[in-house]
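J.: Single-letter residue listing:
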Amino acid sequence: MTPAVPSESLWERVKATLGNGPTAYGFFSLYALVCTWLLITNPRTSLSTDIAFVFTLLLVLLVYRSGVSMLFKLGLVAVLLGLVLPYFGTLNPFYIDVATQAGIFVALALGLNVVVGFAGLLDLGYVAFFAVGAYAWAILSTPQITLINPAWSPLPPIMFYPFLVFGLIIGAITGVLLGLPVLRLRGDYLAIVTLGFGEVIRVLANNLDRPINITNGSQGIREIARPPLLFTGFVRDTLGWQLDDQQLYQQFFYFTVLIIVLLVVVVVSRLKGSRIGRAWEAIREDETAAIAQGIPLVRTKLLAFAVGASFAGAMGVIFASKQLFINPPTFDLLRSINILSMVILGGMGSIPGVILGSVLVTMLDLQILPRTANVLRDLQRAGAPIPSAFDPTQYQRLLFGILLVLMMIFRPQGILPDERRKEELASSNDPSVPDDIERPPPTPTEPEIGLKS
Amino acid sequence: MAAEVKAQAAAQSGQRSLLETLRTVFGPVVQLFLFIVGSALVLSLIVIILALLQIGARPDILTRALTILPQVIIDGLVRGFLFATIALGYTMVYGVLEFINFAHGEIFMVGGVVGAAIGLFLASSGLLPVMPGWLFVVLVIAAGMLVSGTLAVTVERVAYRPLRGSPRLVPLISAIGVSLVLQDLVRLIMTSTPMGFNARYNTPDFGAPIRLFEMTLGERPVPVILSPKALIFIVASVIMLIGLNYLVNATRLGKAIRATAQDMPTASLMGINVNRIVALTFLIGGALGGAAGALFGLNVGAVNPYMGFIPGLKAFTAAVLGGIGNITGAMVGGVVLGFLEAFVASYLSLFTDGALSGAAYADIAAFSILILILIFRPSGLLGEATTQKV
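As they're listed, the protein sequences go chains A and B.
For the first sequence, my numbering begins at 1 and goes up steadily by one.
For the second sequence, my numbering begins at 1 and goes up steadily by one.
It is worth saying that the hints were derived from the structure and are not from the lab.
It cannot be assumed that every hint is accurate.
Ranges between beta-carbon positions, derived for each pair [said to hold, decoys possible]:
| id | chain 1 | residue 1 | chain 2 | residue 2 | range |
| --- | --- | --- | --- | --- | --- |
| 1 | A | Phe55 | B | Ala355 | 55 to 63 angstroms |
| 2 | A | Ile148 | B | Ile55 | 28 to 36 angstroms |
| 3 | A | Leu406 | B | Pro265 | 45 to 53 angstroms |
| 4 | B | Arg200 | A | Ala382 | 45 to 53 angstroms |
| 5 | A | Pro154 | B | Ile55 | 53 to 61 angstroms |
| 6 | B | Leu45 | A | Pro211 | 22 to 30 angstroms |
| 7 | B | Ala355 | A | Ala78 | 52 to 60 angstroms |
| 8 | A | Asp378 | B | Ala355 | 49 to 57 angstroms |
| 9 | B | Ala355 | A | Pro154 | 20 to 28 angstroms |
| 10 | A | Val267 | B | Ala355 | 38 to 46 angstroms |
| 11 | A | Asp391 | B | Met131 | 35 to 43 angstroms |
Here are a few chain B residues that sit away from chain A, every Cβ distance over 12 angstroms (derived from the structure) [said to hold, decoys possible]:
| id | residue |
| --- | --- |
| 12 | Gly27 |
| 13 | Ile49 |
| 14 | Val155 |
| 15 | Pro204 |
Here a beta-carbon is modelled for each residue, glycine too, at the ideal position from N, C-alpha and C.
Please take these sequences and the hints and turn them into a complete structure.
T.: Next comes the structure, spelled out in structure tokens:
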């Protein structure tokens, strides 16, 4: 047991007691049991189920932050994400869909985090790579391809599995193609150019139905192929679960996304600690100093771009296949901003932060906003003075805009900040900037660190 | 002519300031005029060459291309001045703070919405039909300038000033946030009032289009027309550009702005209130954007809360094209970009025989130009090559 220091508040003591030692094991096991019980006994979509669902996911975060042994952490998370959530998903398809969606966005946000968080390159057209992956699978797997050339035939659905790798490659190639000309630019130009590129991809998707019908224009592509399920027999015969195809596909996509997210987390965290990751950080902190250290600037930036884009490409393949239908507005600027808000909310450069941010934003989008909309509608019917045009689900821009501004002003390092990034953002008293009247003069006891002209 | 003689006389008697003033104020305008004529000529030439190349397969293509040419040039001029007036806001803020004010397109949009609101108010109170056209134009421009300028200053105070001195990404992300907030706030206001999402822009009757001249190509004469609204837009933009040039290049205040842009710490040592100058820069840029919005809405006939985004991006492209931080450059870049877009929008489908729709690919053309400029001449048409300060 940790000794309770008298100066600590009650909250601190509770946190220390529940986060460490034998009590922690008991607490987390009990917590997990209660959540599981709540979810399984009451699977209908309702506010209370929402809350139980959120608390179940919160448990993952709490366990991660606590001081219990690694084995226990992994075991508990594996049970929660690998057993409880999928089983709950067979009872209520809505929540497993939310979880899958959140997983897709976790992988996307982790990819963007490589670009924005690690290398410090603001990419506002990230969704373009996602679109490239999605359209690649959509075009090649549907009869759309026969419209391009009648001699070609669509890929068989089994090709989905190798196509995931192909999505990775095609994303990386697009990233390099875009990055090559623009990565010489300074950060703020890069933001605008990538934004323009995102728009270009959307406009192309919208207009490439003439002269040759490649993308089917604004109508989008329907009936995108789903991979054949290889485990249907195993689940139905060996395990004896009678799940219909719809449920099986939900399980399939949930587990595919879960595995990919795990892979992405491993890759990204290995990259972060590697030589390349440190080179990215050096470039982010000070380009000139990084060049002086012998880091090849453009090549290193290009690598960050390619890694981020390749994740997006692969996720695009899964997304297209899961949604069965894609059209150009799926990939508009708001989606890029959405992913950017996930990275910024969680903390640029911090892997657990970005995961938290993506889950929070997805739940905000899919659960909290529709719920709030319902509540507001009820209030309105009861006569509360709310303008009838106000529907929170239609005001995501407002919400994400406020979120971005507030985060930048009050907590630019995010909810779960990355250690090194935090230091950089905290020590931003650049002497080349004139002091405001409000800003106190630097105290003489505080030595000036660094030589910035 | 008389003015020049007077200026020379004044110069000989030791008052060089008047001549200098005239030169600094009208020099950029002359430069702009040269660029307008030049780019129109070059682009027309390209069109004629392209038409001649295809004339074997399609004999009527030259006539068709020439028939729409004057109209395309007028269209390009209107677009060009639109981009130029918005680009000034980007370039001034960038010059002073080295920061891309992402929300500037929305400031422009607010100007348009304010104009539409005034039009709606006047129409519903029955004043609109009896109102003289010039008074309405002055009214919407003044209101657009006032509201957008104030908004720009407020945004700077709330969302940018607390972040001055942070890493570059931080204020940029904040600006993106402000842009999204403004879009949806205006949408909320518009949809909760009688304006609606797509608000009609009521104006008094400005009369029939002006027939400039007639061309006789082929069988029948083709009139070249200029709508009075487009004329108002062009005249008002030129007046604003001259006014801005005067303010920045010939007044004490302009000197302070230029000093702040050149070196902020030193400017503050020279007794310039830097924060006030920054706020003033936002005020001027915002007011110009607001006026452009009000005039644009008037010209197009409708406004909506998302209309500022794409013109904002293109105006930024124009600012980069002309050399960001350079006021004349922004105007030149705007006009050149406007011409380019108008030509692509009108001629692409003609030359590809309807296979590619010009209107959609005009956007792509604008962004491709941005990328090309940034690769081959990042300092822009009129900018000086700068090295990054360490």
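J.: Run every hint past the structure and note whether it holds.
T.: Going through the hints against the structure:
1. A:Phe55 with B:Ala355: 55 to 63 angstroms: The hint (55 to 63 angstroms, Cβ to Cβ) holds, given that A:Phe55 and B:Ala355 are roughly 57 angstroms apart.
2. A:Ile148 with B:Ile55: 28 to 36 angstroms: Holds - the Cβ-Cβ distance for A:Ile148 and B:Ile55, about 32 angstroms, lies within 28 to 36 angstroms.
3. A:Leu406 with B:Pro265: 45 to 53 angstroms: For A:Leu406 and B:Pro265 the Cβ distance comes to about 30 angstroms; the hint is violated.
4. B:Arg200 with A:Ala382: 45 to 53 angstroms: At 34 angstroms between Cβs, range violated.
5. A:Pro154 with B:Ile55: 53 to 61 angstroms: violated (42 angstroms)
6. B:Leu45 with A:Pro211: 22 to 30 angstroms: For A:Pro211 against B:Leu45, whose Cβ atoms are near 27 angstroms apart, the range 22 to 30 angstroms holds.
7. B:Ala355 with A:Ala78: 52 to 60 angstroms: holds (55 angstroms)
8. A:Asp378 with B:Ala355: 49 to 57 angstroms: Because 53 angstroms falls inside the window, the suggested range holds.
9. B:Ala355 with A:Pro154: 20 to 28 angstroms: Holds, at about 25 angstroms.
10. A:Val267 with B:Ala355: 38 to 46 angstroms: holds (43 angstroms)
11. A:Asp391 with B:Met131: 35 to 43 angstroms: holds (37 angstroms)
12. Gly27: holds (29 angstroms)
13. Ile49: Its Cβ never comes within 12 angstroms of chain A, the nearest being 23 angstroms, so this holds.
14. Val155: For B:Val155, whose nearest Cβ neighbour in chain A is about 10 angstroms away, the distance does not exceed 12 angstroms, so it is violated.
15. Pro204: holds (30 angstroms)
Going down the numbered hints, you'll see the structure goes against 3, 4, 5, 14, while the others check out.
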